Amino acid sequence: MADTDEGLTRREFINWFWVGWATFSIALGAIATLLGRFLFPNVLFEKPMSFRAGKPDEYGPGVDERFKDTQNVWIVRSPEGFYVLSTVCTHLGCTPNWLSSEKKFKCPCHGSGFRPTGQHFEGPAPRPLERYSLALDDTGNLRIDKSRKIRDVNQWNDPDFLLKV
Amino acid sequence: MEWLKDVVNFLSNPTIFFTGAVVLWVLIMKYYRIWTAPKFIKTVTILSVIALGAALFDPNFAKEALKPDNVPIWIMIYSVGFFFWLAMRRGLLNDDLMAEGLPNLEKQESDKRVYTWPDLVYSELICMVLFTAFLVGWSVILKAPLEDPANAGVTPAIAKAPWYFLGLQEILVYYDPWMAGVILPGLIVVGLIAMPYFDMNPKGNGYYTIKERFWALWVWGFGFVVLWIALIFLGTFMRGPGWNFFGPFEYWDSHKVVALANINLSEIVWVQLFNIGLPSNILVRESVGIILTVLYMSVIPPLLAKTFLKKLYEEMGLVRYSLMIVLVLIMASLPIKMYLRWSFNLKYIVSIPEYMFNL
Amino acid sequence: MAAGQPPNNKETVYNSRVLSKWFAIASILLLVVTIWAAIQDYARPWKVYQRQTQKIATAVNERKLLEADKAMNKQQLEKIEKDIVGIVRKQSEVTKEIDAKIAAIEAQRYGVTKRYQTEKGKLDEAHYKLEVAIKKRVDNIKDLMAQYKKDEKEVAKLARAEERVRLASEKAQADRKDILSKESELDSQMKALTRTRDQLNKAIGNTELNLVNIARNAPLLDFISPTVKINQVILNGLYDDYFFNKVPRVDRCMTCHVNANMAGYEDFPQPFATHSKLHLIAGPESPHPAEKVGCTVCHAGVPQSADFNNAAHTPRDPVQAAEWEAKYHFHYSHHIKTAMIPLQMTEGKCIQCHAKEVVLEDAPTFNAGMRLVERYGCYGCHKFAGHFEKLATEKKSGPSLTLVASKVDADWLKKWLWDPKSYRPSTLMPAFWQVHNNSDEASLERGRVEVDAISHLIMAKSKKYEPLQLASKVVGDAARGKTLVAQVGCIGCHAVEDVVVTRPTNPKEPGYKDPRVPMFGPELNQLGSKVSYEWLVSWLKEPKHYWEQTAMPSMKLTDQETADIAVYLLEKRNPEFEALPVPVANEAVRDDMVVEFLVGQMPTRDARVKLASMSLEEKQSFLGDKLISHYGCYACHAIEGYENAPNLGAELTVEGSKEVTKFAFDNVEIPHTSRDAWIYTKIRTPRIWDVGKKRDFQAKTRMPHFGFTSEQATALAAIVIGYENKNVSDEMTAKVDARKEQIIAGHRLINQKNCIGCHALENKEHPLGGEILAHYADKSEGPPLLYTEGRKVQADWLFKYLKNTNIMIRPWVKVRMPVYGLSDNQTTTIVKYFSAYDQSPSLFASRQGNALSDSEIRQAEGLVKELGCLTCHAVLAPGADPSGAAPHFANIKARLNGDWLIPWLENPNSIMPGTRMPALWPNEDPLDEKSARIGVPGYLNGDAKKQIELIRDYLFQYPGKAELPPPEPLPPKTVAVPATPAAAAGR
Amino acid sequence: MNPLKKLWNYVTDTQVWKSIFRHGTPDNPRDQSLAVLSNVALHLHPVKTRKSGVRMSFTWCMGGLTFFIFLVESVTGILLMFYYRPTLEFAYNDIIALREHVPLGILREIHRWGAHSMVITVWLHMFRVFMTGSYKPPREFNWGVGVILLVLTMLLSFTGYLLPWDQLAIWAITVGANMGAATPFAGVEGPGTMLLKIGDISLVHSGNDAKFGLLAGRFIGEATLLRFYVLHCIALPFVAAMLIAVHFWRVRKDGGISGPL
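Chains as they are written, first to last, in my numbering: chain L, 1313 to 1477; chain P, 164 to 522; chain X, -14 to 972; chain A, 904 to 1164.
Worth flagging that the hints you see were computed from the coordinates, not collected in a lab.
Derived coverage of chain P by chain A (criterion: at least 3 residues anywhere in the stretch with Cβ under 8 Å from a Cβ of chain A; other residues may be distant):
| id | stretch |
| --- | --- |
| 1 | 247 to 256 |
| 2 | 284 to 296 |
| 3 | 303 to 313 |
Now the in silico label distances, taken between C-beta atoms and shown as ranges:
| id | chain 1 | residue 1 | chain 2 | residue 2 | range |
| --- | --- | --- | --- | --- | --- |
| 4 | P | I321 | X | I13 | 53 to 63 Å |
| 5 | P | P308 | L | N1453 | 45 to 55 Å |
| 6 | L | N1453 | X | S840 | 51 to 61 Å |
| 7 | A | P932 | P | G183 | 47 to 57 Å |
| 8 | X | T378 | L | N1453 | 38 to 48 Å |
Cross-link-like lysine-lysine pairs, in silico, DSBU-like; alpha carbons within 35 Å at most:
| id | chain 1 | residue 1 | chain 2 | residue 2 |
| --- | --- | --- | --- | --- |
| 9 | L | K1461 | X | K86 |
| 10 | X | K187 | L | K1461 |
| 11 | L | K1380 | X | K711 |
| 12 | L | K1380 | X | K262 |
| 13 | P | K275 | A | K951 |
| 14 | P | K500 | X | K138 |
| 15 | P | K205 | A | K954 |
| 16 | X | K107 | L | K1415 |
| 17 | X | K529 | X | K406 |
| 18 | P | K500 | X | K114 |
| 19 | L | K1367 | X | K720 |
| 20 | P | K510 | X | K81 |
| 21 | L | K1416 | P | K419 |
| 22 | X | K915 | L | K1367 |
| 23 | X | K667 | X | K341 |
| 24 | P | K500 | X | K99 |
| 25 | L | K1367 | X | K277 |
| 26 | X | K114 | P | K168 |
| 27 | X | K135 | L | K1415 |
| 28 | A | K1100 | L | K1461 |
| 29 | L | K1461 | P | K510 |
| 30 | P | K510 | X | K120 |
| 31 | X | K214 | L | K1359 |
| 32 | L | K1476 | X | K915 |
| 33 | X | K156 | L | K1415 |
| 34 | X | K162 | L | K1461 |
| 35 | P | K510 | L | K1415 |
| 36 | X | K406 | X | K667 |
| 37 | X | K167 | L | K1415 |
| 38 | L | K1418 | X | K114 |
| 39 | X | K120 | P | K419 |
| 40 | X | K167 | A | K1100 |
Computed from a prediction, not measured in an experiment: that's the story for all the values here.
From the three backbone atoms N, C-alpha and C, an ideal C-beta is built for every residue, glycine too.
Input sequences plus hints: build the corresponding full structure.
Here it is in structure tokens:
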């Protein structure tokens, strides 16, 4: 094959060839990435994941059930501080009941038992109850963020999940 | 009759059921000459239909067996059985022919070409019409199921995936979701696609045969029939509320209590063996499991390449062999894990819940 | 040759190198536009606003951080830090030991617990199996039972072991915590010190422009954890109707107006500003938190949109429109049904939820609008839901005309109708003639006939009236009348040119009067051109004698006072009006009109015949009747025979959601996409729509011209727009409880009786009314402020007082509490309103003082003397100068509440600013109201608190008659007036 | 001549008939060839086929049946779309309507049982191809395409499972979706995910993980229903149809139905 033809060197030819295909691939890749991003919506029609739960003073020591039905959480005030427990049993997702006289959560479905800390101690539940993140907002109210949760005992002292007041 | 039901219930226990399936598979592949006889299979079919019919008198059995969504499974069991028989039968005939130095059944005709019209066109049309008739009839007899309206707040006693995924859901008992739901299905697909490139045997292309590719049939069939079909059967008919085991004639009691006595390898080692608490360092704690896993994946392949699979290794070359053996080992890890669970109550070999990594 | 290079075949059509080149160019183009698309997505306006908001928030927080840092006690912090270091050093030895112990226990515990749990699980399973076996009646049940019992014992043993280690572990943990408690305490002290700083730092970290935040919001990466995101509120309780489907509304306004519900951004421009009424609207602590009620429930607009134009912003005025056009390419949208409501009309939307209410705190436009609708009687022609629907059944807004012939003469009436403002510029009576659509010569000719006919019929229908008479020989004196008018309280409702009241401009000051709302009563500057002396004295003595439903109360005037005021008022005339010609009806036009109306009932020929047979009086009456029906005079005035006449105006109950396309914009130059502009224009210039159109008389717009100012029209338009299809469900609106109902009922009655013309009500932060107060330099000379009234007076006393105001309370006050002639129901409404507003503990139980022993009474008497109370609070001797007197003590036991007296005695000025009552127990720190009070030495150990209580108790035992008559009126300069029955009734 | 035959001749002689059918009665080699060649559906086949390949006992007709069921599902699916609305308010009601009062509501049964059948026939087709070693060269690529089609078949069935919006549907999909959450490094509950962090910020959380991508939300909801509906009715069938075309084309190019060489 000739090195030069109609004013174009072979080197130039190769450059155009590779530039073309490289750009084409990058463009296709970019389009594919944009389309992938398209599948992750910016906004959802879901219940907001965070909610305001009033002033800390409104809570007495122990387990508080006021948000059990509306937000599916228990807010617990312990000597260590506030934490928020999910009301979903870690076994099969039923909602345990808080038995205040026995100081434990008892799942009606399969009998899993949890201590007020969320620690499982009886029945088939494999893990402690999950905990949600909470913090004080500007106005001094508790704000609970259900989009962040922990399931491991080792993280219980994380300041985002245990609020000292 | 009750004792018979009890016996069947007992035998359907996952341990026995699965072991039985494996043993049966070994026997099937060893004695195919016997059961591929038409008389034999006819007898077995008739007997099984009678047994099934009789079993349907048991309300507990009938309830699950006749669930509209479970009917396809019976169709699948019988059709897989029939076609497996057909394939093996023809393979046997071909093997016999070839042993005599004669061309096999396909070879006898493969050079002849016939007009597509009307042979193929008509036979396909007939198939379609027959199938349509069958489908409409099925639809008339069985209504599609519809339960209560969706309610995320009401958890059913048991949540099952569609039946064709129940094999995977059964694996969930032994592996965490990331293995059972992501890695294993992914590897199944990858393995299937890669299979033609691993199978270096040029024989057996385009005709039924057993002898010429016995081990290929053995391994692939084990995966399809035992690890897929049999586990679907188990998952559908023998797993009740709470994914607890129930015999085919047992009532699905949602209050059944089963001891959860499973423990991790690290606990066996540190607590049961050395009687000290778990080390706080994760890597130390899980060192035994990690070492075992690494050994399984890194030592066995070269060992096999040197011994049993020497010939195969030489044929395939390093890259092909390594890829294939990894896939096979992962597939084999499932029954291994199952047996470890049953014999030692072993929950996880490596258990790092801190990073949700459990093996 | 490079891989994939196409063969350089000579036989191709195009040279493959050229193809490659073109392919490269095309690919580059594709890449560029792809990147362009990504950039456009990144530069969406709301994203830009949020990035700007974050910049602002960072700056604000950084400033706050500096302050917080300055305010932080650094020395203490350093000390704590040092202490912690010391403690930690000391602790480490001890903790090491205990940690080892804990580790040992935990190791043991793990095994024991695990074993127990395993065995317990097995036992549970065995138990289940046993139960099944029992059910199945298995033979070897006894063996199973025995085995189970045995296992159970084993497990119980394990359970005890588990409990032992658990307790040991818990104890060790507790010990450890004890050791560390000092450190953790210091730790939390330190955290408390640095809390503000830490919070601010965290907030800044989330908003400042650092690499992490840039990455978080970078295109394509912004699905991971963006800080720039759509802020939305899903309003469960506010539903939009999408073709039979009620869909909860989603508000996204706060995507751009990020700070709307956050304090601290008041001074920033939109969209970054804080809501201007954060304490009331949008603020998290307010009754309308944005998280719950969103924005569009009041502001309207397209709630889902996060784009300036798509959200349908509406400018306040053309100036703002022009500004927006430059800034946002603003344009009115033609296809949006719910454009935003311009800011000045937003308060109308309060009606959405507060449908029954007439007065809302801190909602001046709403309040003004509601009062304007009531005063101008819009509800007479137009149907509204809620408050006005009820009002329409109770009251007409104009005076009754059933006795009008005794008040004015026919000529006056004709001139008045022809142009009401020519007689009284401030009148509420609208103009029906000589306005936009009937000022041409033909219409004027016709108008005169109409005026003639209407006034004829009204006069004809008027009944005979016997005015009340004064005692004979009473001669009025204009100078005294002038003084009286300024003194007794006429100016609470009426404007009089001789008494100029300059009112404050700050709505939070008592005495403020919304300039949009006209005076409650007519101005009194031209009465001499209208009524006669006889009629006026009767009216002044007892207004209800002429008109049963009038809001004008009796001022308890003596005959002499009545005469004085009458003479004074009649001196005031309007000579220009008097000089105006009386409109004269043209015979021919009248005949034509009679025929025109007759033709509606019969063929034209018959009508002509009929006309010929009619007398002038018949013609006038016939036309008058038709025209009163045509113009709807009866909507505001009681006219005999029109009691059940229909509403003439369009129903306005859902006017606010009427589709814009259904408004006829005709030739009027306003944006044809604006509902609010149309309504505003309609209110201001109702007849303008006929201009440039050829319309028959009957088809012309009839709504009269009220001559509203721009501000008045705006407030009225706000109200009209506020009436819309209710899409707020009950779950979202605050519940109207019994207390609220009582307040609402009170507000309705207060608006009807104009209590606020004189009294300032409710609370000193947001006083309601007291419009006369500006007249008094010394506020204590004016009508009393009624803050805390519900807690102050006893309910049954208030009831009695309102029924009979003839009781002396404040001898020095010259302004009079008139007699309204309230019904029992109305009186109860007022009493309940006060007690509900002030949340008085109970309506009928009022706490008085404790019973005192004789010695205590003696002590109290001494204290009273020492404090000098009786200088003012003694019973006023007849004829004495009342200017220095205060309510006499004997009056208190029947009137006041004991609990209220304590704070009153402590600090009277805080309850009633401007009161004459001094604070007798001064604060130790004069600048701090909460500091302790200094008692009078020598009494109760100088304990101010006890002294105050003692005085309170004493006052409830103070001897003397509680109710005394009011002071004698000014002695008449001329002849003494003997009391007549009519005069007594007037008191 | 018998009048029927006359009529037949007349009809087949018309220009209309001839414009449609470019061949005579296929009772001779020429017309047999033309019948296959000139028909868009039949020309998927070659004019002549290997004799061994025509036998039912060899092919089991499972590939053909699978394609046929795909067509049945497409047609019934399109018809069902006339009645079914993928919204929380209506989805369940519309299924009830199909069950109770929509004319020929049996289409739903045909669609559902057809779907189950298709899963079985696809497996059996794969089984047959394996048993005859037909994946071997030169058909390796087409085997791969077939495996993807197998996966698509199961995904089609899985996405369709949610649409009735009953308890069975959402809980079955919940089980499946939770697996997505366990994807290593891409699911919020997957191993290693919590390592993906910059400071306090998790890179993968319940608002952007694999499960979220599958469900278009953190939980199964209206967005999930829509997403599954679109996948089930448009996206997956579209991809499947393309791959089926490739599959058929490669069957022809790789030598038709397999047979011993």
